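Undergrad: Residue numbers (the working numbering), protein chains in the order written: chain A, -14 to 209; chain B, 6 to 424.
Mixed in with the good hints, there may be bad ones.
Negatives, chain B to chain A, calculated, CB over 10 Å [claimed, not checked]:
| id | residue |
| --- | --- |
| 1 | Thr36 |
| 2 | Leu45 |
| 3 | Gly58 |
| 4 | Thr84 |
| 5 | Gly85 |
| 6 | Leu148 |
| 7 | Leu178 |
| 8 | Ser180 |
| 9 | Ala217 |
| 10 | Ala300 |
| 11 | Gly381 |
| 12 | Gly385 |
| 13 | Ala388 |
Taking lysine-lysine pairs in the DSS-like style, the calculated list, with each CA pair at most 30 Å apart, reads [stated by the list, open to error]:
| id | chain 1 | residue 1 | chain 2 | residue 2 |
| --- | --- | --- | --- | --- |
| 14 | A | Lys43 | B | Lys175 |
| 15 | A | Lys57 | B | Lys209 |
| 16 | A | Lys57 | A | Lys183 |
| 17 | A | Lys3 | B | Lys336 |
To spell it out: a stretch of chain B is covered by chain A in this simulated footprint if at least three of its residues, at any positions, have a beta carbon under 8 Å from a beta carbon of chain A; those stretches are [as the list claims (entries may be wrong)]:
| id | segment |
| --- | --- |
| 18 | 314 to 323 |
| 19 | 334 to 347 |
| 20 | 360 to 374 |
If you are wondering where the hints come from, they were derived from the structure by calculation, not from laboratory data.
Here the structure is a predicted model, which is why all the values come from computation and not from measurement.
For every residue, glycine included, the Cβ atom is placed at its ideal position computed from N, Cα and C.
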Amino acid sequence: MRSIFGLFARSPFGPLAKHAERAHDCVELLTPLTEAFMAGDWDQTQELYKKISKLEHKADELKNEIRDHLPKSVFLPVDRGDVLLFLKEQDSIADSAEDVAVLLTMRRTPTPEAMKEPVRAFVTHVIAVSAAWRDGAAELPTLQEASFVGAEVEKTIELVKDISDMEWEADKRQAAVGRLLTEHEEELGAVSVVYWMKILKEIGDVANHAENTADILRLMLARR
Amino acid sequence: METVVLGIAIIGGLYMAWNIGANDVANAMGTSVGSGALTLTGAIVVAGIFEFGGAVLVGSHVTDTIRKGIIEVAMFEPTGPFGPDGPLILALGMLSALIAAGAWLHLATHLSLPVSTTHSIVGAVVGIGVASFGWAGVDWSKLVEIMMSWVVSPLLGGFIAWTTFVFIRKRILQSGNPVAATRRVSPYLISVVLAVMILSLIYKALGNVMEAPPFLLAMLIAGMIGVAGGAACGWLIRRSPPRQEDPYVYVERIFARLQIGTACFVAFAHGANDVANAVGPLAAVVDLHRAGFEAISTQVAVPMWVLMLGGGGIVLGLATLGYRVIATIGKQITEMTPTRGFSAEFGAATTVLIASRMGLPVSTTHTLVGGVVGVGFAHGMGALNMRVIRNIVNSWLATVPAAALAAAALFTVARLIFV
């Protein structure tokens, strides 16, 4: 077709916001997952692991689709490298959520009674960090409409700062639960302690990746 | 016999014009339909009126270039190398160019190749000149000027579009209150669009009334009309307050109205430049026929009925097939918003109108691509496929020789038959 249509490539900003949604879908399942695990319901834990795994795969599919539409010949209003880095980091959110699920199904690790409430609060907070990120990513289409200047940028930077604060809080809670863990090391035994350390780290990584993604968005906006 | 030649030329010209209306107009209107500023019906109405208007009111300059600016027409005089058959041979040449270009376009559309009507007809005419007299048959300085305009027009279109969008970005999108900024700034934008669009018409109108009209006077009058238009726009805007909506939605809603203005402008400029692709050769044949194929007269202005035939052909093509192509392209272009469309279209239309006024045949599609890329450079577009630029450069190199060969071949056959 002798048409001007060939000039227009698919904008990544809508799909990137959608990818954030899919990543958060994985993260949201962490509450029922950890509840089942701490209650010793291994069948339910297995079920939820399968669900998270499927959702993570859907996120991966979208990630690949976005990458397919971003060859070197595409010209973007922001740095293409930044966009690809952003996508990689955002995908790690879903990856970490899946890794948590893998760890929880790998071994029937017991949970000391005293740890249950702190772990519950930690997971809830990490999910809140991811949700805050999902809301930030949802601004991407509007940012593109605003041509990456003006009030919309300032609003997004504020959101990024909030996520940064929330992630700090998550770090602190992770450290607190870690300390609680060592208080029960005799009760648990060495192998369980090691597993719990991995589990806590992986849960914390969900919040870390969310914050990193937000930082990359900030970079993208700063270069305007 | 002379009537046969004229008759075929008229049919050929009509066919080319129809082709332009069917395939090319869609590119000019695509960004307006894609952004939502015009409905399909709106696009057809705008295109119908303004393509015809541009063709008839400003189309004579480029038509003149095609009919006698590229080939060394004087060499076809009865005193020249071809003798008394000279004028008839020139007419056959123009006929061959027309039909060859039309056939080449038909083939290209069938093979989905991005080929420009402008480049095809220029190439075909060059082919006739070379087939007749070798290198001496073509005014190379003119051809170089034309080919340079093919390079400059997307760049200039891009630059004007870039400037326009940078202005919109800074004054509206970056402001603390985009809604208020839009209401304040849009009357000025519309004034400029209106003034630039009618400037050439005012200048021409003055030329009909006075001997040597100063350009400044034309600018003044066009400017005053522009200001009046802007004031009317301002009054309309005051009656259209923001509803409960996102500020950016409001900005785009207002700019959708403004983009109707630039859509008219693009259609007008496209008609002014591209009608020549259809009726340039026809105008040459009409000229020769008037002199009974006995002499080359190069002084006469392009007859109005020729321009109207071209304009009419374009509208016919639009009405029979073009509307479907516009619908398809409009549906495909989803990443265009009115603010961006306004900027790109203003850049392209201004450039094409300047080129038309200078008698230079340029590709409206390529210039529009330049405009959109210009907006992209101002960070306005979500994602652009830059491979299109490589395709455009390729077409500069490939189309002219291909069309020239086709026309030369047809010309040789025509001479064997008729002379």
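Undergrad: Please go over all the hints and tell whether each is borne out by the structure.
TA: Here's how the hints hold up against the structure:
Distance check for Thr36(B) against chain A: the nearest CB is about 7 Å away, which does not clear 10 Å, and the non-interface claim fails. Against chain A, the non-interface label of Leu45(B) holds: every CB pair exceeds 10 Å, the least being about 16 Å. At the 10 Å boundary, the C-beta of Gly58(B) stays outside the reach of chain A, the nearest C-beta of that chain being 22 Å off. The beta carbon of Thr84(B) sits about 43 Å from the closest Cβ of chain A, which is more than 10 Å, so the claim that it is off the interface holds.
Interface exclusion of Gly85(B) from chain A stands, the closest Cβ pair being 38 Å apart, more than 10 Å. Every Cβ of chain A is farther than 10 Å from the Cβ of Leu148(B); the closest lies at roughly 23 Å, confirming the non-interface assignment. The beta carbon of Leu178(B) is not kept farther than 10 Å from every beta carbon of chain A, the shortest such distance being approximately 5 Å. Look at Ser180(B): its CB is around 7 Å from the nearest CB on chain A, not clear of 10 Å, so calling it non-interface is violated.
Distance to chain A confirms Ala217(B) as a non-interface residue, since its nearest Cβ pair spans about 40 Å, more than 10 Å. With a closest Cβ-Cβ approach of about 39 Å to chain A, Ala300(B) is found to remain outside the 10 Å limit, as its non-interface label requires. The beta carbon of Gly381(B) sits about 6 Å from the closest Cβ of chain A, which is not more than 10 Å, so the claim that it is off the interface is violated. The beta carbon of Gly385(B) sits about 5 Å from the closest Cβ of chain A, which is not more than 10 Å, so the claim that it is off the interface is violated.
Separation of Ala388(B) from chain A is inadequate, the least Cβ-Cβ distance of about 4 Å not exceeding the 10 Å criterion. For the given pair, Lys43(A) sits about 39 Å from Lys175(B) by alpha-carbon distance, which is inconsistent with the 30 Å threshold. Between Lys57(A) and Lys209(B) the alpha-carbon distance is near 48 Å, which puts this suggested pair outside the 30 Å criterion. A C-alpha spacing of about 38 Å is found between Lys57(A) and Lys183(A), which places the hinted pair above 30 Å, so the restraint is violated.
Straight-line distance between C-alpha atoms of Lys3(A) and Lys336(B) comes to about 22 Å, which keeps the hinted pair within the 30 Å bound. Against chain A, the segment 314 to 323 of chain B contributes 0 residues with a C-beta closer than 8 Å to a partner C-beta. That does not satisfy the three-residue criterion, and the hint is violated. Figure legend: the segment 334 to 347 of chain B, annotated as covered by chain A; annotation consistent (7 residues with Cβ-Cβ distances under 8 Å, at least 3 required). Only residues whose C-beta sits within less than 8 Å of a C-beta in chain A count toward coverage, and the segment 360 to 374 of chain B has 3 of them, enough to reach three; the restraint holds.
Violated hints for the displayed structure, listed by number in ascending order: 1, 7, 8, 11, 12, 13, 14, 15, 16 and 18.
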